[in-house]
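Asks: So you can see what is in the structure, the chains are spelled out below.
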Amino acid sequence: MARIEFRNLGHAYGANPASAKDYALQPMNMVWEDGGAYALLGPSGCGKSTLLNIISGLLVPSHGEVLFDGKDMTSMPTRGRNIAQVFQFPVLYDTMSVYDNLAFPLRNRKMPEAEVHKRVHEIAEILGMSDVLKQRASGMAADAKQKISLGRGLVRKDVSAILFDEPLTVIDPHLKWQLRRQLKQIHQQLKLTLIYVTHDQVEALTFADEVVVMTDGKIVQKGEPDALFERPEHTFVGYFIGSPGMNFFPLKLDADGASIGAHKVALDAATLGMLKSANHTNNVLSIGIRPEFVDLAQPGASGALEAQIDSVQHLGTCQLITGTVAGHAVKAKIDTSIPVSTGSHWLRLARPETIFFCNDERIAR
Amino acid sequence: MNKPYNNKAWFFILPVFICVAFSAIVPLMTVINYSVQDIISPTQSVFVGLEWFRAMMRDPELHGALLRQIVFSLCVLLVQLPLGVGLALSMPSKGWQSSAALVVLSMPLLIPWNVVGTIWQIFGRADIGLGGHALSTLGIAYNYASNPLDAWMTVLLMDVWHWTPLVALLGFAGLRSIPDAYYQAAQIDGASRWAIFRYIQLPKMRGVLMIAVLLRFMDSFMIYTEPFVLTGGGPGNSTTFLSQYLTQKAVGQFDLGPAAAFSLIYFLIILLLSFVLYNWMQRTGSKPAGSDHE
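If you read the protein sequences in the order shown, they are chains A and B.
Here my numbering is used: the first residue of the first sequence is 1, the next is one more, and so on.
Here my numbering is used: the first residue of the second sequence is 1, the next is one more, and so on.
If you are wondering where the hints come from, they were derived from the structure by calculation, not from laboratory data.
Watch out, some of these pointers could steer you wrong.
With the C-beta cut set under 7 Å, the calculated list includes, among others, these residues of chain B facing chain A [to be verified]:
no.	residue
1	A181
2	I188
3	D189
4	G190
5	A191
With a Cα cut of at most 30 Å, we get these calculated BS3-like pairs of lysine-lysine [said to hold, decoys possible]:
no.	chain 1	residue 1	chain 2	residue 2
6	A	K222	A	K333
7	A	K110	B	K94
8	B	K204	A	K134
9	A	K276	A	K331
10	A	K276	A	K264
11	B	K94	A	K21
12	A	K218	A	K264
13	A	K71	A	K184
14	A	K218	A	K176
15	A	K184	A	K157
16	A	K176	B	K204
17	A	K176	A	K222
C-beta atoms are modelled at their ideal positions from N, C-alpha and C, and glycine is treated no differently.
Based on the provided sequences and hints, a complete structural model is requested.
Replies: Right, here's the structure in full:
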């Protein structure tokens, strides 16, 4: 168990990174609290795996330090770190039985065979695999294989952290829920620091106490699932979290207020003041709103926007309408009881749920 | 859906059947035909039953050649497999170095077999050959043309030089197919270099190494050209292997009947040994290793 801290940690695969583009991982400060369950969420190639490999020691960062409970572990090799890591595809020692797979890390550390026996049975109990210990590991189903991979990490005493690198990719959908719940139970039982990498937002939001969203090698937000939904710190978070993602419109500021295209946006004085102070020539202002908070309005109602609706999809619990406002794409989730057809409609952006961004970063709610 | 039942399907496999007939079945039948007859002249022959088989089984020269052949194939496998796997493991895995190593390694495979024999024949000569001359300068009495042990060593070394790259290439292909996650997991599990080889690399290479063993066994068991060019089967008949003895019988002495019987015996030996080898490797691979605990 450990509290993991990053100090100015960054990584570039090439030597002498000059600009932000050269970094696979932008220099950052970050703390993973002891016993916390974190989900690391982001698209492919955003640096999630790089970050994970730095924690497990498979990769030595080019900049900064990694601390475990305040102790510098930056150049400590993997085997000295006591990390459990589960990869996207199950990694097993094919020629060994389940028992031998679980015993392998202990035998490598020259643990007496009696103690190995005890530990393996303890872990098998937790994983619910006590009755398959004698079976050959290569013949198991994918979810059992992933549990064995996890077990090989857990079997060591004093594991610092468990790292999951998209562990449910190869698992059948109906087993995903089951395995995910089991992983969560194991976490609660053992109270280990847990970092879970995924690009599936549902998985991240249901699994973790805190979600860390990454894009382009940068952590753009770290927060609880509802914060990510209600107050995205970055347009990427708004776009990536939620299904479909947030709507964004560029905001024009002039003497008597703000507008989207030809439509005025009603704003209170404080928000307007904040926007005005951010309104410099190089800054791009935008307004974002989730499709859940876009409603139909009376034609010509004040603060409403005229939209051209191109399609209406019934999703069971709601209907998703897609169209454009002043040339910008808009999506809205409308109650199924309201009849909607394609063509011209007026939309209202529910006021407290609108979020204002300056250069992709949130400045006001 | 109604399936029509007729014999049309036979018609579709006819072309393949004709090809196989002319390439395999007809020649094989010819050999079987010869093996049971005493051919006195092109127009005159007598049916002798299994007489030639009995004669060949009792032929001491064949016994000698067979023994030499088995020892030779065994040596080839024992040297080339570990060496090939070792080469595959020590080859650079990426970048231009990897391509360069592959090209250099496959060079011997691209040389025609009788040229290989000629190269080593010249290389081993004490008067003009680099290897032979170097050895005699060092004061080592070496002459593959008169000393049976030297001849054996030279033939074996030549085959190792010629064919180990094949084993290495196959092993290298097997190694490349192992995902990085396996090595990362091994690091996390604290596995030693030996454990990585024993529990990850070797099991993952098993399939290709099985092919390598079979290919090397069959090829070395049928070796002909290189020793024929290098030593001509000598000194005496110390490097006369089965193929060469067969050629002497069939083409040299024109004993078609015995030679045909010999061919069939030869064929059956290879088939049988390959079958045994394959089954043995299948079995050793499919039982969990080290399951003696628990």
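Asks: State for each hint whether it applies.
Replies: Results of checking the hints against the structure:
no.: 1; hint: A181; verdict: holds, 4 Å
no.: 2; hint: I188; verdict: holds, 5 Å
no.: 3; hint: D189; verdict: holds, 4 Å
no.: 4; hint: G190; verdict: holds, 4 Å
no.: 5; hint: A191; verdict: holds, 6 Å
no.: 6; hint: A:K222 - A:K333; verdict: holds, 27 Å
no.: 7; hint: A:K110 - B:K94; verdict: violated, 34 Å
no.: 8; hint: B:K204 - A:K134; verdict: holds, 22 Å
no.: 9; hint: A:K276 - A:K331; verdict: holds, 28 Å
no.: 10; hint: A:K276 - A:K264; verdict: holds, 15 Å
no.: 11; hint: B:K94 - A:K21; verdict: holds, 25 Å
no.: 12; hint: A:K218 - A:K264; verdict: violated, 35 Å
no.: 13; hint: A:K71 - A:K184; verdict: holds, 28 Å
no.: 14; hint: A:K218 - A:K176; verdict: holds, 29 Å
no.: 15; hint: A:K184 - A:K157; verdict: holds, 19 Å
no.: 16; hint: A:K176 - B:K204; verdict: holds, 28 Å
no.: 17; hint: A:K176 - A:K222; verdict: holds, 25 Å
Consistency note: the structure conflicts with the earlier hints numbered 7, 12.
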